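Dock chain A against chain P, hints included.
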Amino acid sequence: KAGVTQTPRYLIKTRGQQVTLSCSPISGHRSVSWYQQTPGQGLQFLFEYFSETQRNKGNFPGRFSGRQFSNSRSEMNVSTLELGDSALYLCASSPATTSYNEQFFGPGTRLTVL
Amino acid sequence: SQQGEEDPQALSIQEGENATMNCSYKTSINNLQWYRQNSGRGLVHLILIRSNEREKHSGRLRVTLDTSKKSSSLLITASRAADTASYFCATASGGSYIPTFGRGTSLIVHP
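Each protein sequence line maps, in turn, to chains P and A.
Going by the numbering used here, the first residue of the first sequence is number 1, and it counts up by one from there.
Going by the numbering used here, the first residue of the second sequence is number 1001, and it counts up by one from there.
Excised from the complex, chain P in its bound form (with noise of 0.2 Å):
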């Protein structure tokens, strides 16, 4: 099967834009989870779908969105971009329903924001 994927992998914008990361899922696992990973705060859970819903959330600002699509793909949104967003943006799958599986990570989007 093939990997998590993520595009882009690299990105650079500016303050005050907004930014559309994607992420395709290993065929058949329905969660996506996102990430957002700094040297300052480290690995930090933003958010979770299943099933086009979102299951779990984090704690980061609404400027912070997803989604997910019913082939299972996932998007997440960053508006109004700030200096502070610019970090390594990880997506992971799973096939998990109610209980715990492992989670498959993507290489990530590296986000630069200047």
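One or more hints might be untrue.
[What the hints assert, rightly or not] Now the stretches of chain P that chain A is said to cover, found in silico as 3 or more residues with beta-carbon under 8 Å:
#1 29-43
#2 102-113
[What the hints assert, rightly or not] Derived Cβ-Cβ restraints for the label pairs, each shown as a range:
#3 P:Gln41 / A:Lys1069: 25 to 31 Å
#4 P:Lys57 / A:Gln1014: 40 to 46 Å
#5 P:Thr38 / A:Asn1018: 29 to 35 Å
[What the hints assert, rightly or not] Calculated lysine-lysine pairs in the DSBU-like style (CA-CA distance at most 30 Å, straight line):
#6 A:Lys1056 / A:Lys1026
#7 P:Lys57 / A:Lys1026
#8 A:Lys1070 / P:Lys57
Please keep in mind that the hints were generated in silico from the structure rather than gathered at the bench.
For clarity, every value in this text was computed on a predicted model and none was experimentally measured.
We put the CB at the ideal spot given by N, CA and C, even for glycine.
For chain A alone, kept in the frame of chain P given last:
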């Protein structure tokens, strides 16, 4: 906030030596996992240990869990230069299965 905290933050060893990393956490957990991340890339799942298990092995990896001390350790035996990476522990607790990650241990294995 992080649930698990790895120790040490950085570890430098020679190829062939064993590497031990520790993870401490604060609240009761359902399971604990270890992940590896090569420089600036995605995470790779290494091993999951459930709260009712004490030890698990996978190849050169050995994970122990001591729920009374709220701690876990990851042992990599006969390390290789390719083991150079950051290692994270992640815990799931309460009714949530979403893992919370620690800040990681940076391991450098010198050839």
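Hint-by-hint comparison with the structure:
no. : hint                            : verdict
1   : 29-43                           : holds (count 4)
2   : 102-113                         : holds (count 8)
3   : P:Gln41 / A:Lys1069: 25 to 31 Å : holds (26 Å)
4   : P:Lys57 / A:Gln1014: 40 to 46 Å : holds (44 Å)
5   : P:Thr38 / A:Asn1018: 29 to 35 Å : holds (31 Å)
6   : A:Lys1056 / A:Lys1026           : holds (21 Å)
7   : P:Lys57 / A:Lys1026             : holds (21 Å)
8   : A:Lys1070 / P:Lys57             : holds (26 Å)
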